[in-house]
Amino acid sequence: MDKPRERSFLADTPRLVSLGLVGLLLLMPYIWMVSASLKPLDELFRASLSLWPERFHAVENYSRVFSQVPVLHYLWNGIVVCAGILFFQLLFAVPAGYALAKLRFPGRDIAFGLVMLGLLVPPHVPALPLYVTFSKLGLLNTYAALILPFTISVFAIFLFRQFFRALPDELIHAARLDGIGEFEIVWRIILPNSWPAATAFAIFSVVAHWNDLFWPLIVIEGQARATPALGVLYFRSDEAGDDFAALMAAAVIMTLPLVLAFLFAQRRFVEGIATTGLKG
Amino acid sequence: MPRNWHLSSAVGLGAVKVTRGAPIGEALAGLMLTVPAGLAYLVMLLLPTVATILLAFTDYELGLPDWNWIGLGNFTEMFEDRGFGVALRNTIIYVGFVTPISILLGLGIALLIESGIRGRATFRAIFFLPVVSLTVAMAAAWQYLLHPTIGPLNGLLRTIGVSSPPYWLSSSDWVLLSLSAIGIWENIGYNMVLFLAGLTAIPRELYHAAEVDGSKTWLDRFRLVTWPLLGPTTLFVLTITMIRSIRVFDTVAVLTQGGPNKASEVLLHTMYKEGFTFLRLGYSAAITLVFLVMVLGLVWLQTKALDKRVHYG
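As given, the protein sequences belong to chains A and B, one line each in that order.
Taking our numbering, I'd label the letters of the first sequence as residues 1 to 280.
Taking our numbering, I'd label the letters of the second sequence as residues 1001 to 1313.
Misleading hints may appear alongside valid ones.
[As the list claims (entries may be wrong)] The following residues of chain A were derived to be distant from chain B, with all beta-carbon distances above 12 angstroms:
1) Val59
2) Phe66
3) Gln68
4) Pro129
5) Glu182
6) Pro192
7) Pro196
8) Thr255
[Unchecked claim] These stretches of chain A come out as covered by chain B in the derived footprint (C-beta under 8 angstroms, 3 or more residues):
9) 20 to 33
10) 82 to 95
11) 114 to 126
12) 151 to 165
13) 168 to 180
The hints are simulated quantities; they were obtained by calculation from the structure and are not laboratory data.
Nothing here was measured: the structure is a model prediction, and the numbers come from that model.
For each residue, glycine too, the CB sits at the ideal point set by N, CA and C.
One chain only, chain A, in its complex shape (with noise of 0.2 angstroms):
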């Protein structure tokens, strides 16, 4: 409608500056890593304020970085347990939601009312005692470990259940009419239809876990199982030591997935993170 006008360049340059100053401010970690993972080991240690390496030595940095520690495995178990985890999630949360927004049933009213005290209760919570099962049934150091505990979400439950009402019943109802059941409801015309919905919640699922390191830390030891944020911390403690260069080319490595996949899909990723912000 009514968008604030355009100004001239002149205008908008106190904003500009003062906006690319901060953000500047906020990219230094970024910067200042980057930068070192090109540079060779003495030169950090001379502790010198130049950002280009005198000596180009990205390639030792990185390579070291690739033989000594398994990269790619690293992703790839990163890649199946956020996979396991929002498949499970949506596999529960998807029928409930619905149910909870279109249907009528004995017992609703206590099932959101469960929702909304789950809400409350913060990951942290449940660990010991999941941690203590999962070591008595030495599920310690698996996948499993890794995604049980997150199979359930009651926030993407009660996403849903706000998206799905909004849905006009007519959709449902012509549905029912073709003689559709209300498995193949939730599946072939729910889902289809609330795809914002889902890939805002694909986002922040995604991005929670491809992040968290407390549960990860608690159940995998060793390499097998571990998950990039294991990874950068056992490579930190173990392999690197002092070697800042290569430790800078890890963190690189590590971080650009995520970050590539955000430039990718910008738009979508800050609303998906707008939308599902009152999870914090």
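Assemble the complex: chain A is given as a structure, and chain B must be docked to it using the hints.
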């Protein structure tokens, strides 16, 4: 909040007849579709949470054959333990730094971005970057940036004449401040995005109306329109930033492990150490309960504040 949702569902769907009058088929389908989620909820969330609460009143240690109910024993131990006191104090200080500063910066940046058109998407992306960056990797980058001898920050400080700059993460005086700075850096983008969403929801006509009514400066319009209408967003951002920063764990676990000399020990890291390193599950569960009560307290305060707002409206 729960009450309001209940109300709206009753208005919206004729929920009065939830149980009576629903066709058997529909009721059955509803149950079938919620059962999988219900089971997962029970096994992965409800039972373990109840177990944690019970565990907090035992002396259970993983690996020991027997355990006893010890009533409030864990809690008395906790409040006599200097370490726990320090962790609680540090957590509160951390929240006290991170919350106001990251909210003010997030709001300021959102206002600046929103006040023009040029470069919106680019700046939004830049400030949002920390939210999608692997926390552990960025912690490593911060470790280099703040390194006492080879770090660029101290290099810069020496160049401008500071002869002995702080040791940041390895100095007990500076470590909490350094971690807070990282926490602020992590939270700005998140808060900015929420404020941007709140700002775009403000109807443009209100600004025109304010101008017609004689508010000439930007500050007038901010005071009259933006700030009051941003109230609910601000309250919301305030609560979740506090809840997010109470949970501080990653940076502590990666960078300091609570040191030096407990100067950066925080609640969740103490809980992690007691539970998963020393395997004192009862004691660790008690710390978890304190953490849970703090989170619930914040949510309760938010609900109170919202109620007040509704009455004014």
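Do the hints match the structure? See the list:
no. : hint       : verdict
1   : Val59      : holds (20 angstroms)
2   : Phe66      : holds (16 angstroms)
3   : Gln68      : holds (15 angstroms)
4   : Pro129     : violated (4 angstroms)
5   : Glu182     : violated (4 angstroms)
6   : Pro192     : holds (17 angstroms)
7   : Pro196     : holds (14 angstroms)
8   : Thr255     : violated (5 angstroms)
9   : 20 to 33   : holds (count 9)
10  : 82 to 95   : holds (count 5)
11  : 114 to 126 : holds (count 9)
12  : 151 to 165 : holds (count 5)
13  : 168 to 180 : violated (count 0)
Hint compliance for this structure: hints 4, 5, 8, 13 are broken, all remaining hints hold.
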